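Engineer: Residues per chain are reported as follows:
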Amino acid sequence: MAWYRGKLAMFLLIFQAIFLVLFGVLVEYDPAADARTEHIEEEHGYQNPVDFYYAMFQDVHVMVFVGFGFLMTFLRKYSFSSVGFNFLAAFMIEWATLMRGFMELGHHHGKITVNIESMILADFTAATVLISFGALLGKISPLQLIIMAFIEVILAVVNEYIALEIFGAVDVGGSMVIHAFGAYFGLTVARVLATEKSRISSKEGSNYTSDLFSMIGTIFLWLFWPSFNSALAAEDARHRAVLNTYYSLAACCIVTFAFSSLFNKEGKMQMEHIQNATLAGGVAVGTTADLMIFPWGAVLLGSLAGFITTFGFHYVTPWMSKKLKIHDTCGVNNLHGMPGIVAALGGAVVASLADKDLYGRNLYVMFPALKPGGEGEMEDMVTGSPEKMMSGRSASGQAGYQLAALAVTLVIAIVGGLVTGFVLKLPFWNEPKEDDELFDDHQNWELPEEEERMINGNSPSKKPLTKHGEAEDKV
Amino acid sequence: MAWYRGKLAMFLLIFQAIFLVLFGVLVEYDPAADARTEHIEEEHGYQNPVDFYYAMFQDVHVMVFVGFGFLMTFLRKYSFSSVGFNFLAAFMIEWATLMRGFMELGHHHGKITVNIESMILADFTAATVLISFGALLGKISPLQLIIMAFIEVILAVVNEYIALEIFGAVDVGGSMVIHAFGAYFGLTVARVLATEKSRISSKEGSNYTSDLFSMIGTIFLWLFWPSFNSALAAEDARHRAVLNTYYSLAACCIVTFAFSSLFNKEGKMQMEHIQNATLAGGVAVGTTADLMIFPWGAVLLGSLAGFITTFGFHYVTPWMSKKLKIHDTCGVNNLHGMPGIVAALGGAVVASLADKDLYGRNLYVMFPALKPGGEGEMEDMVTGSPEKMMSGRSASGQAGYQLAALAVTLVIAIVGGLVTGFVLKLPFWNEPKEDDELFDDHQNWELPEEEERMINGNSPSKKPLTKHGEAEDKV
Amino acid sequence: MAWYRGKLAMFLLIFQAIFLVLFGVLVEYDPAADARTEHIEEEHGYQNPVDFYYAMFQDVHVMVFVGFGFLMTFLRKYSFSSVGFNFLAAFMIEWATLMRGFMELGHHHGKITVNIESMILADFTAATVLISFGALLGKISPLQLIIMAFIEVILAVVNEYIALEIFGAVDVGGSMVIHAFGAYFGLTVARVLATEKSRISSKEGSNYTSDLFSMIGTIFLWLFWPSFNSALAAEDARHRAVLNTYYSLAACCIVTFAFSSLFNKEGKMQMEHIQNATLAGGVAVGTTADLMIFPWGAVLLGSLAGFITTFGFHYVTPWMSKKLKIHDTCGVNNLHGMPGIVAALGGAVVASLADKDLYGRNLYVMFPALKPGGEGEMEDMVTGSPEKMMSGRSASGQAGYQLAALAVTLVIAIVGGLVTGFVLKLPFWNEPKEDDELFDDHQNWELPEEEERMINGNSPSKKPLTKHGEAEDKV
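Residue numbers (my numbering), protein chains in the order written: chain A, 1 to 475; chain B, 1 to 475; chain C, 1 to 475.
I should point out that these hints are in silico values taken from the structure, not numbers from a laboratory. Just so you know, these numbers come straight off a predicted model, no measurement behind them. Please note: incorrect hints may appear among the correct ones.
No copy is singled out in the list; a pair is fine if it fits within one copy or between any two copies.
Calculated pairs, SDA-like style, for lysine to any residue (alpha carbon to alpha carbon, straight line, at most 20 Å) [said to hold, decoys possible]:
1) 203 - 356
2) 356 - 191
3) 268 - 449
4) 203 - 448
5) 322 - 120
6) 356 - 425
7) 268 - 18
8) 356 - 433
9) 7 - 423
10) 111 - 28
11) 322 - 121
12) 265 - 393
13) 371 - 165
14) 203 - 262
15) 111 - 433
16) 323 - 372
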């Protein structure tokens, strides 16, 4: 036990010490956050980026910590761990900040600059890991979560670089690089770790109160998803991303209620569906949210997602658990995996239709890879003679790159998940093995007295255990 | 049961299909959200409307889904339905978008344009229906809610058009067209549906946990109400609306605590009052929030509202239930009805005092109907000779139109509620009839195992019911 | 009982009446919120302050009412009081508005002007009182809270004036004037009131559900703390304050998990630590958040705070309770007191290093007291000849004033707390005295039927107690 106790703390503190050193050596304020910046004749209406991005950053921040955290509290004996270990996203934030910076050291004279945009991106990467965690909830130790996070952040950042920078795919809401990646990474880890554990545990279930706590997560996710999909967009693209996500989510919500009722023998709705499938519209529209899909396109994607995800919870999750030995605690395949693929395919279709009729002068803003040449004034590109320019990528070329981005995402997620799974299998990480350790806070949390009593039989401890109780003996 | 099951799903899916078609045929992006818009020489400091409105939109959005949703969870056996059916506001959002668009087809070449402002308005209309739902909570089926929402959205949009466009009344926070309308519509429906149901059910009550969940709703509503009342205002009017609502709510909160304690024999506070009456200040100041009522006016309105609403919960609700057979589950008469009327009367008084001394050049911004002529440059109106202009409405004329707006709101709400009530009485909508169906999630939700066991007696089901349990039998 | 009942209500209503009169006589809209303001040729890009500050104001507002309110619900029998009495922060908001205005009557022609900034400041002062309340939670009556708030608001505003205006200390996030002040004021009151009450009560503890409600408070506080520390900053300073607080909190969270596990014999984490110590990074960086501490400085401060606060909960709180007879219900010494002192010391160090190399032209923006002369154009100060100017304060002088501000804060907090404690000891304020009155909602709240039954033994009341039940007897 002493060793158990030391291990998690040791890893956290060593990582934190390394992060501190790396922050000290490498991390600098962006000029927009640095007091030394000479603001050369500030123009009228100059707005510091923090003002432009901050409100949406906070919405994303709420999604990551309140949304994901409370969504997972549905497990009635594992709620402390759900919301508590989710809080370890703080680890992912620091590590993602550094890891993303490593990719761009060259652009910043060997330094990592941080600003409000890098904060949004760090939160996005934390979300990726938390999605994977959803597949493993109740079945891994906090130490395993930290190790997984350390590896997954690296792979997620590299994958994103390949998909978005090298392939030039668009994915404003990260449906490929966040949702699909996180889901299939986590599911692969779940498969590798599966042994006895994929059996059914009597503790894996909700109660009335835990389902209500979970709805706190659901609703904040649902409300702020338009911010997730538009945080990094600007001007008309941001406006469009907000509208599309809003309507996609509304449609998804209605369709989820319909199929949740339809799939039940008695026409009753299931909380699990309402908690999760209502959100799938945000994922399904994530790749195309800022594109010209028109409001009906958003409604269509959202409706489709509502059906697929509800169907997934009802049919696919049990099937995967039984046939593939992939036990998916939160159903991330349904909420993030399949809708992420829908989003990616939608992105390819929409990219293939991109032209000046649909996007006007914004064509190259939305699809930079289509831009001919890559030099010259914007004026030249619109009016200039084609002979002077190298031609850019075609719309169908862009569609191909969108599909390639999906493919590379799936490959890196699955291969990375395999490797990570085998690392996590090492008998060193305090993995919960016994039946009564699964889906149970007891192993990791000092529980309130009455919970302890229920666990240890009915012998109430003699001394009243107060907040100050335990420690008083020692001082 | 199979038919029961099919009905809700069928209606939801048919509506959704129709919405999809209408979105496809009619709905377009506002130019500010359309990539094809030529931004003619964007001036310095041009701000896309999404940036101006988005943060307040999100506050309103939180109020509608978290605020109303959790506020209603106080019913200890009906919390799934409270927060779950509240989520069907997604239906109202889509339908309100279309319905509002129908009213303005003429202005937009036969198209409906959507933007961040139309999103706020759609959420406002959803709030209207949810207020009505508050009167009916626990007593109607989700299918009845959908049918009611379909009708009420139409009437609410028409009423708003008459009150604000035709009569030119001001009502920035919608105290007349949202709160009073929603309350008296819902109460009328409650009266028509009342039969046996207005009797007291042992299930209609809270427990310690459900009251705490309800406080989540209360506090988010209280916090974001300044956004509700100022979301559609701009510049100094927005600033004023924020201040007035803030101080009105603060005063209302204090007075509510005082009277809650005073009305109780032992001087104890009641959660029901704290959950609801603290919010009445937001309603009572809603019509005049952006007008020159001065901070003391806001404090006065808030104090008054705190008293009226607490009084209402303590005396009026039981009286209405007993004498008028109007059973008001959430007390919407107290929180939305009476304070809405207070707001409307306050609006008439404040309008009657409007002049250039109080509003300066903003007089015609705040009261457009007072503007003489309606043509010409703003310059002309301020300095120009009166001979050249038709004179505008007088201040007391405006006060009259404010009262007319209240009257038409009440008439449409009550007549509409009567008609809707009779439609909902048709024996087709799965209305909960039996005593044990009222205020109980059991009819509509697949409950967690332990709840099921409590309902079905103490025979724990043999197989552990896991998240994947039920469906596994089928696959 | 009748007298008990009357007293709280009477005080609240008398205060509210006085506030109303004072608002009527003294309070005016800021010109930016007044319709009469002549906007002289509004420049391009003019932004009403409400747009600049509002989103961050709302974050702070959520922290004060949801954050503090739910954080304190961990007491399993006192959750109604925790979130309910916290709601009385509305009282503090009104009184702080007036009290702050009194300090500046001279600047505004004998009037108090209110605007979005004064709203943020009023919320800050409310937070100060709520921190003190945290030390006293469960041990004082709501009437005592109101009396304490009345006195503490006066002292907090005066202290802030001395520390920030007279001494010219910087403290953007209020770690000295809000956190340390509130903590040591409250702890002193707790010491004065301590008699029998500092004994251990069996009711002073959490249960599984109350701990989860508490996490709602924790996480919203954690998420929005960057807004708390940057709400009053602008441009690059705001950007910097956001970044520093974000990284300080992330580091603090990780270190808290590590030490929470390390301090436990079995390596288990404790909810009390996670609920509180994770937040200490926000306090510890509060004084220096907008200064050039660099991201590593923020990470260092946050890590330190995580350790100190977890250590405090484990060792210092029990020791203080036993040896000093200071019983600190929520552990405010750990979360607000000690980290507030860390922040203050950090502020002195950082101030002592301030120079043009670090701050460029922003040196005098960040440290106005360093500015030479105090007259003349900014140009003159940067380039002008020193002979023409009185020289400003030196960096080490500023450091001295930072320490002086801490000292005066502690002195006023402790002396004020002593006086207030003796006032609250008067046998007039319905102080809970009996053992079963402590940490128990029963004295102040009409509880739901099932709670009542548990308290009164197992005789369920005959008549079903519905929402409308009690009052119906009377009407």
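Engineer: For each hint, tell me whether it holds in the structure or not.
Structural biologist: Results for each hint:
1. 203 - 356: neither (56 Å within a copy, 61 Å between copies)
2. 356 - 191: neither (46 Å within a copy, 58 Å between copies)
3. 268 - 449: Between. Shortest inter-copy distance 14 Å satisfies the 20 Å Cα cut-off; intra-copy 37 Å does not.
4. 203 - 448: The answer is both: 18 Å in one copy and 12 Å across copies each meet 20 Å.
5. 322 - 120: Classified as neither: same-chain Cα gap 38 Å, cross-chain 46 Å, threshold 20 Å.
6. 356 - 425: Neither way: residue 356 and residue 425 sit 52 Å apart in one copy and 54 Å across, limit 20 Å.
7. 268 - 18: This pair counts as neither: shortest intra-copy Cα distance 52 Å, inter-copy 24 Å.
8. 356 - 433: neither (58 Å within a copy, 59 Å between copies)
9. 7 - 423: within (16 Å within a copy, 51 Å between copies)
10. 111 - 28: within (7 Å within a copy, 45 Å between copies)
11. 322 - 121: Classified as neither; 36 Å inside a copy, 47 Å across copies.
12. 265 - 393: Neither way: residue 265 and residue 393 sit 52 Å apart in one copy and 62 Å across, limit 20 Å.
13. 371 - 165: within (15 Å within a copy, 47 Å between copies)
14. 203 - 262: Neither. Shortest intra-copy (27 Å) and inter-copy (27 Å) distances fail the 20 Å Cα cut-off.
15. 111 - 433: Neither, since 43 Å and 61 Å both go past 20 Å.
16. 323 - 372: neither (49 Å within a copy, 76 Å between copies)
Checked against the numbered hints above, the structure breaks hints 1, 2, 5, 6, 7, 8, 11, 12, 14, 15, 16 and satisfies the rest.
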